[in-house]
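Top line first, the protein sequences correspond to chains Y and C.
Using the numbering used here, read the first sequence as starting at 514 and increasing by one per residue.
Using the numbering used here, read the second sequence as starting at 2 and increasing by one per residue.
Hints were generated in silico from the structure; no laboratory data involved.
For clarity, every value in this text was computed on a predicted model and none was experimentally measured.
Where is the CB? At the ideal position from N, CA and C, for every residue including glycine.
Errors might be hidden in some of the hints.
[Said to hold, decoys possible] So the derived list for chain Y, only partly shown, Cβ under 7 Å to chain C, looks like this:
(1) Ala693
(2) Arg694
(3) Ile695
(4) Pro696
[To be verified] Not close to chain Y: a few residues of chain C, all C-beta gaps over 12 Å, as computed:
(5) Pro71
(6) Ala95
(7) Pro114
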Amino acid sequence: MSDPRDADTDADALGVRAAVAAAHRAHWAGVLAATVRITRDLDTAEECVQDAYTQALRTWASSGIPDHPHAWLRTVAGNRARDLLRRESVWRRAMPLLVEEATATAPDPQDMDEPPAVADDTLRLIFTCCHPALSREARVALTLRLVCGLSTAEVARAFLVQESTMAARITRAKKKIAAARIPYRVPTAADLPERVSAVCDVVHLVFTTGSNAPVGEALIREDLVASAVGLARTLHRLLPVAEPAGLLALLLLIDARRATRTTEAGHPVLLEDQDRSWWDREMIAEGIDLLTQALRSGPPTRYAVQAAIAAVHAEALTFEATDWMEIVSLYDVLLRLWPSPVVELNRAVAVGMRDGPQAGLDALDRLAAEPALATYRYLSAARADFLRRLGAWPEAVTAYEEALLLTDNESERAFLTMRLAEVRRSRDA
Amino acid sequence: MAKYMLLIYGDEQRWENLSAQESAEIDAGHVAFQKRAGDRILASGQLEASSTATTLRAGDADSPAVTDGPFLETKEVLGGFYLLEAADLDEAVALSRELAEVRHQHSGVEIKPLVQHG
């Protein structure tokens, strides 16, 4: 028989672990960002913050979970950083330190809870990780590691590379930040729009990698999707301008369909076959609200137009009720704002939905000469689908075979294989 | 403050056959850059054509071999440089935007930080 007091202790230990995990999700970036201002070196700051979370596990178990975990973690990480600085001052003189604004001073422990300071610190960290002088790969890796608090192993898994490769990529990026003196600060008003776009691009890339995994077994990588939505929320909260609002709207409107985008076995389900009663109506409402805000606050951004397209889908009660006329005209707007072969492809598919499969095929054929699309997996898949709808079986077989050659995602392969078998049966019947 | 080397690269053939307009743009860019950077420019220079370069590298014997031509035979060559002092990379980038070479298709500016010795 177990002692009831042990059960209490177990429950407490579980509670503490849960509280530390929650604090990790909610406050990692803010605590790290504040600590970097003390150490002016990313590696040392990471170490101090890691230590603070480890200490939280022990201390919170004995003296209880603090009322303000964020302030507690900042103080502990900050003290640890100051200790280290005192001990290692000689060694540190030899290394390049992060550049800050001349006026910036390390925050006093007393005003550590002041929201504007917290917001600024977190923004500094985000803008540094997404600096245009870093490669896009490096920006994504640094953002996931330093802002979202994913471990190097988790970031490596997300992009299906070896942990040692990812560790080297992160180390190289940190070294460039220090050596080239990429400043640790929120950009000036003149540079802000461009730099906000660079951050949005990273967040969007994390999301698309997560929601349409190019390789691997699963189509949706929920860890990446959650990181991207979390980042977009932070960005929108800290920077109330149009672009992050449009981006968050887009992510929510797409993510609202997550539950219906794959079967239980993880195979993709086409938009027309998704059970719309499972779409997350709360997320859709929030997305449409944000979209309205974004469109009201200035000229439409690329993300707002994409969100508007997602909203048309979200608002259609059935696939048949989709307003394809509206979708084609939104793609026309998007092409002017953000010309890209992939947008052309999506527009061609929408034209096919509006005017029939033959019109869709004609629109796609005009794109086939585009070098960027020649080996794009979705072009062959879209052609195959229109050919299937037309009942052009032999051509559809060839198109599905081609699409299969171009994708490495296991669940997409399974779907295409199933369709290929269907059209082969129809051809041979 | 940190030191950066601004290395101006471009297609040598294009530089040798500049139109009057391109030439004027480049000159105006350097004037604007020098005016804005002022005494943050520690050194600068325009380089003669690659055909005037001489390269020394390890030869067969112990003494280095002296050869005619640049270290790397490439279409794009180093045409000039500024040694610049700046607070951070953003400042170095902002100043470099003044140079017309960053707007011409065949040329560009590479910003390389100098190692800071304690």
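Hint numbers the structure violates, sorted upward?
Hints 6 and 7 contradicted; others consistent.
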